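Trainee: Chains as they are written, first to last, in full-length UniProt numbering: chain W, 1 to 420; chain X, 1 to 420; chain V, 1 to 420.
Because the hints were derived from the structure by calculation, they are not lab data. Worth double-checking, as some hints may not be accurate.
[Claimed, not checked] Facing chain X, from chain W, some residues (calculated, C-beta under 10 angstroms): (1) T22; (2) S50; (3) G207; (4) W218; (5) M219; (6) R241; (7) L248; (8) A258; (9) S265; (10) G388.
[Said to hold, decoys possible] Straight-line distance between alpha carbons at most 30 angstroms, and here's what the computed DSSO-like set of lysine-lysine pairs gives: (11) V/K199 <-> V/K392; (12) V/K318 <-> V/K403; (13) V/K199 <-> W/K403; (14) W/K318 <-> W/K392; (15) X/K392 <-> W/K318; (16) W/K199 <-> V/K199; (17) V/K403 <-> X/K199; (18) V/K199 <-> X/K199; (19) W/K199 <-> X/K392; (20) X/K392 <-> X/K403.
[Unchecked claim] Here are a few chain W residues that sit away from chain X, every Cβ distance over 12 angstroms (derived from the structure): (21) F11; (22) P14; (23) N110; (24) K163; (25) S239; (26) A299; (27) T360.
Source: prediction; values computed, not measured. The beta-carbon is built from N, C-alpha and C at its ideal position, and this holds for glycine as well.
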Amino acid sequence: MAPQYAQSLRFRLPPLLFFLQTGFIVVFIVYVDIEQNVQTKQHAFNNYYSEFQDVHVMVILGFGFLATFLVRYSFSGAGFTLLVVAMAVQWAVILNGVESMYHRGNILINMRSLVVAEMCTASSLIAIGAVLGKTNPVHLLLIALLEISGFVLNGWLLQTFVKVQFLNTIMLLHIFGAFFGLMLSWVLYRQGSEQQHEKEKIDRKTGLFSVMGTLFLWMFWPSFNSVLVEVDHLDRGRSLRAVYSTYLALAVSAVTAAGFSVLTSPQGKLNLFHIQRCTLAGGVAIGVAMSAVHLPWVATAIGFAAALISTLGSRYIKPIMLFAFECHDTCGVLSVHGLPGILGWMVQLLLQIADSDDLTTAVRFAVFHICTLLITLSLSMSLGLITGFLLKCHFWRPPQNKKCFDDQAFWEFPHQAGKR
Amino acid sequence: MAPQYAQSLRFRLPPLLFFLQTGFIVVFIVYVDIEQNVQTKQHAFNNYYSEFQDVHVMVILGFGFLATFLVRYSFSGAGFTLLVVAMAVQWAVILNGVESMYHRGNILINMRSLVVAEMCTASSLIAIGAVLGKTNPVHLLLIALLEISGFVLNGWLLQTFVKVQFLNTIMLLHIFGAFFGLMLSWVLYRQGSEQQHEKEKIDRKTGLFSVMGTLFLWMFWPSFNSVLVEVDHLDRGRSLRAVYSTYLALAVSAVTAAGFSVLTSPQGKLNLFHIQRCTLAGGVAIGVAMSAVHLPWVATAIGFAAALISTLGSRYIKPIMLFAFECHDTCGVLSVHGLPGILGWMVQLLLQIADSDDLTTAVRFAVFHICTLLITLSLSMSLGLITGFLLKCHFWRPPQNKKCFDDQAFWEFPHQAGKR
Amino acid sequence: MAPQYAQSLRFRLPPLLFFLQTGFIVVFIVYVDIEQNVQTKQHAFNNYYSEFQDVHVMVILGFGFLATFLVRYSFSGAGFTLLVVAMAVQWAVILNGVESMYHRGNILINMRSLVVAEMCTASSLIAIGAVLGKTNPVHLLLIALLEISGFVLNGWLLQTFVKVQFLNTIMLLHIFGAFFGLMLSWVLYRQGSEQQHEKEKIDRKTGLFSVMGTLFLWMFWPSFNSVLVEVDHLDRGRSLRAVYSTYLALAVSAVTAAGFSVLTSPQGKLNLFHIQRCTLAGGVAIGVAMSAVHLPWVATAIGFAAALISTLGSRYIKPIMLFAFECHDTCGVLSVHGLPGILGWMVQLLLQIADSDDLTTAVRFAVFHICTLLITLSLSMSLGLITGFLLKCHFWRPPQNKKCFDDQAFWEFPHQAGKR
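For reference, chain W alone in the conformation it holds in the complex (with noise of 0.2 angstroms):
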């Protein structure tokens, strides 16, 4: 590797972390307490402790190893993660508690605002799929940055202008991560990259590792569905419909996803990266609908669509980004993330359309939930579109076209190893 990349990490990762992680560490001193009332509230803490963990898996090992399928990238892939999410969680802290310090003058910290930060930081991982293995840490780390003070804008936009309940405006986490994601990996395209990269390929036992991600977050996703309904309505019966209705459109996407897999395939074969990311559609598309869905076989139905649109999304449209509109997206958030977000937030409008009594009160939620969507989905593209130009300056030094996709640019190891 050419001197200037070997030592562009040096000179420019351990400031950026120090930087930040003083500047964070000072906020603390200043502002943050731990919320010590905590007597009256005990029995809910007991479920949100082990439900916050739940997420805090998905969060670090689910998205961690779902990210090592690329077969010289893995280590990148899980150790970037955990360094991004070490960061973020503490940068959404901050910012989900500015409204607090503002009125109250201190940041407190609970269960809820530590799984409210891990959700966060969840959308920019989502955002930081698209562009995996063609990025430094550095880009990374300001990736997820700017992605979380956009989507709590976003959050607090939608809040306070269009009256949207708190739990809807962090399940658009899906559509903003991906379409900011996209956005972004269109500004950052690289010459040359229609033409499949060598090393952007999977092998047998990245691929398993990468499995075992999809397991983590496939298994623990009603948790991550249901813990906010839990903490915020106190509500247990709506909660638990949102773990039934989250574990069954998992089970149908599941099946579906294969289905569709094997019968768009030229061969006749399945396709690990449809069973290991369209598997979870799903899980997205019944989060942002979740709370119009109040039947069983509603949740299934909508397991089956959100299957059917990614996985033929993978299969078509991800070329089509590609070559049409020069938009390359390591991960396919598009089609796992973005698509799949918007036919939950196109059922659960006509749900609610479907159950309202009159004209008027139908035309009042399709405007207001068509605003909801508009405002998040301009956020996060012209965001997007920011973060893409700021980081295409050549000062953070993006990895050359030939060590994408490649641990040795940022590991000190192998081959040969063994030096610690």
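For chain W, the structure is supplied; the task is to place chains X and V on it using the hints.
Mentor: Just chains X and V, lined up with the frame of chain W:
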């Protein structure tokens, strides 16, 4: 690969998947509801949810990764398990709800119904273990659906005619699954299997993935054995006893399996297959015997005996089954689930006889338990035979001999991979 | 491999396993009971069980897979950890119950006794980390049993003579294990270890397995530090503070370790070994200091300092230990557990001195803490020395130099594998 095999999945798997999935969704539309009245059981739920998740992790990740051990079959091991589970839990929820559908007109989804469905699915995964690598996913789905139907029927028969408690019928899942799988494997025997297939081996990396599956099963087995005790008996003391007993039995089992593995090895070394599977024998045996185990040392003794017969079985009975009975048992389910299950049954019988005051009670217990075992064995074995003959039909296009134990027949990628 | 080594496990490991296991079962028959009276503590249990499982997962899966990093020693890493844990928890349950056995005539098994036993086991796994790859399983079992005996003795001495709280004695497990292991490794030093052993390196796949172990430790560490606070103090607020502090310390630790890893690297790259281990230093330090940490920023500062000394230690002190003191520390336990543990002890001392009102109290605190540390260090180091000399004895047949760090000496298979 020959074109007729490349096509086989396309014209069989997707139609089967969509047919079944549509059928399930229709049943869901007509009959299935989510249990709403949870307010009074709020406390109880808290335990169920985290214990339910432990069982979920065992079934998806534990069994799934345990099945990745074959060097060229690891995607199929993990991927087909996910597919089978996603389909089978829906079928099990519906089947277990048939009685309630008959009496009350609907099927309720709640934590208990999901836990029971996952346990039925575990039973079918055990059966699948015996034919792993020698079948295609269409086979696996049919096996799972038929096995679960048989297992639910067996439970209903035992409860209705022999008055066995529900919990005890569920715990027969190891025996039912193992003997079903054995018969299946006997019918589907292929000429030439006496010689080790060149791909039927472990390598360094798939071995580790498989160990990971083992560890998840090992760690969460106490929840597997205790969750239904808690749900059905609302007796925390009894459920805790199940947790501690299983924990102790598994610890002793791991030590004993390692000891006998070295002792019976010609070179005096450990065998990874024993560490992967025979360490779990204690959990199987204590699960079956549980209702009669009151003292911790009994649990440790059961763990010792189970690991002993399981290790000796893997070393000596498995080759006999292959050469003398032409029954090729890929995962060794006879030694890992069958024999320890029967040991557990025997211990339960002996303990209840020892506890009984007079001869009449003792004889009654003996007759009761022997009937239970005989019904289970005959039903599982006859259904295994029938399923085997059904699958032998060439219509399902079994993989050719030289394509056994190989992902290439079913997965789009390797080795040049890349194209997604 | 030479025949005398092939035989070594056969005539040493199984007899030792069966002797110990039989002994433990006899003790269980005579003394051990399961706690029955749980009705009044029902609520408390719910937390314990899921937090107990987190600790269980950390010990089995976290430490087990963390030890798979050596390229040819991964089966031994995971397998021997399982074997050692299965044996050691039984021993720890018995040892911790000796006092209760003396006073009440029996040993009760409950959640608390299992959690404490797992923590003692974790202590022995830390000690084993220092000699990983240079020992056989017989060695490892003896080390674990002796280390746990020493650790329990140390706790009893500290509680009885220095009046240290039970929880604080347990949290010394990092310091005790690390210095025990260091002395052991010093005594067992082999000529020629200055040169990197050809098999003592990480490869791409074992590296990822090891990262998985790291992530499990990282994710569940908050439970590790808080579970006994909850059990012993029944103070939910204090236990939550432990959760949040550990969470923050670990997040800062991950960021800091990455920063210093790049900064101290000659090529300006990340080092996988640092990401695997030094990210955990924050959890170690905060665990020891916990009882004195009340503010979140203190936790973040501890995380920063711990990762700093851990990364510098791994980079600079580890080679010094090897060349100057002839102490070869495979997993770097000095830098990962020893130094951060002492840092935590020092922070606890400083915070308590800062909190104390007058000089007398401050001096008393200082004497108290210095005594605690000195007793722990001297006991652990002297026991480590004794254990080392005991194991140096040729009777135990240590692996030959060229067989170090190699599964082949202990496992039946690879590479032709297959025969099971």
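Trainee: Evaluate each hint against the coordinates.
Mentor: Consistency of the hints with the structure:
1. Here the hint on W/T22 is broken, as its CB sits about 38 angstroms from the closest CB of chain X, past 10 angstroms.
2. Hint on W/S50 holds. Least Cβ distance to chain X is approximately 5 angstroms, under the 10 angstroms limit.
3. Using the Cβ-Cβ criterion of 10 angstroms, the hint placing W/G207 at the interface with chain X is satisfied: the shortest such distance is roughly 6 angstroms.
4. For the restraint placing W/W218 at the interface with chain X, the shortest Cβ-Cβ distance is roughly 7 angstroms, inside the 10 angstroms limit, so the hint holds.
5. Because the smallest distance between the Cβ of W/M219 and any Cβ of chain X comes to about 6 angstroms, under 10 angstroms, the interface hint for this residue holds.
6. This hint holds: W/R241 has a C-beta 6 angstroms from the nearest C-beta of chain X, less than the 10 angstroms allowed.
7. The interface hint given for W/L248 is met, as the beta carbon of that residue sits about 8 angstroms from the closest beta carbon of chain X, less than 10 angstroms.
8. Below 10 angstroms, beta-carbon pairs count as interface contacts, and W/A258 has one with chain X at about 5 angstroms; its hint therefore holds.
9. Annotation: interface hint on W/S265 holds; nearest CB of chain X at approximately 6 angstroms, less than 10 angstroms.
10. Given hint, W/G388 at the interface with chain X, is violated; its Cβ is 24 angstroms from that chain's nearest Cβ, farther than 10 angstroms.
11. As the CA atoms of V/K199 and V/K392 are separated by approximately 22 angstroms, the hinted pair is consistent with the 30 angstroms bound.
12. Of the supplied pair hints, the one linking V/K318 and V/K403 holds, its CA atoms being roughly 23 angstroms apart against a limit of 30 angstroms.
13. Between V/K199 and W/K403, the direct Cα distance comes to roughly 28 angstroms. Compliance with the 30 angstroms bound is thereby established for this hinted pair.
14. About 23 angstroms separates the Cα atoms of W/K318 and W/K392, which keeps this hinted pair within 30 angstroms; it holds.
15. Note on X/K392 and W/K318: the hinted pairing is violated, with a Cα-Cα distance of about 40 angstroms set against a maximum of 30 angstroms.
16. Distance hint between W/K199 and V/K199 is fulfilled; the C-alpha atoms sit about 27 angstroms from each other, no more than 30 angstroms.
17. For the proposed pair V/K403 and X/K199, the alpha carbon gap of about 28 angstroms is at most 30 angstroms, so the pair holds.
18. This hinted pair checks out: V/K199 and X/K199 have alpha carbons roughly 27 angstroms apart, not beyond 30 angstroms.
19. Distance hint between W/K199 and X/K392 is unfulfilled; the C-alpha atoms sit about 42 angstroms from each other, more than 30 angstroms.
20. Distance hint between X/K392 and X/K403 is fulfilled; the C-alpha atoms sit about 17 angstroms from each other, no more than 30 angstroms.
21. Even its closest Cβ contact with chain X, about 34 angstroms, leaves W/F11 beyond 12 angstroms, as expected for a residue assigned away from the interface.
22. Once the 12 angstroms rule is applied to beta carbons, W/P14 is consistent with being away from chain X; the minimum gap is 33 angstroms.
23. At roughly 19 angstroms from the closest C-beta of chain X, the C-beta of W/N110 stays outside 12 angstroms, upholding its exclusion from the interface.
24. Listed as a non-interface residue, W/K163 keeps its Cβ farther than 12 angstroms from every Cβ of chain X; the least gap is roughly 28 angstroms.
25. Not every C-beta of chain X lies more than 12 angstroms from that of W/S239, the closest at about 9 angstroms, which undercuts listing it as non-interface.
26. Residue-level check failed: W/A299 sits 9 angstroms from the nearest beta carbon of chain X, not beyond 12 angstroms.
27. The non-interface label for W/T360 is consistent with chain X: the shortest C-beta to C-beta separation is roughly 30 angstroms, beyond 12 angstroms.
The structure does not agree with the numbered hints 1, 10, 15, 19, 25, 26 stated previously, though it agrees with the rest.
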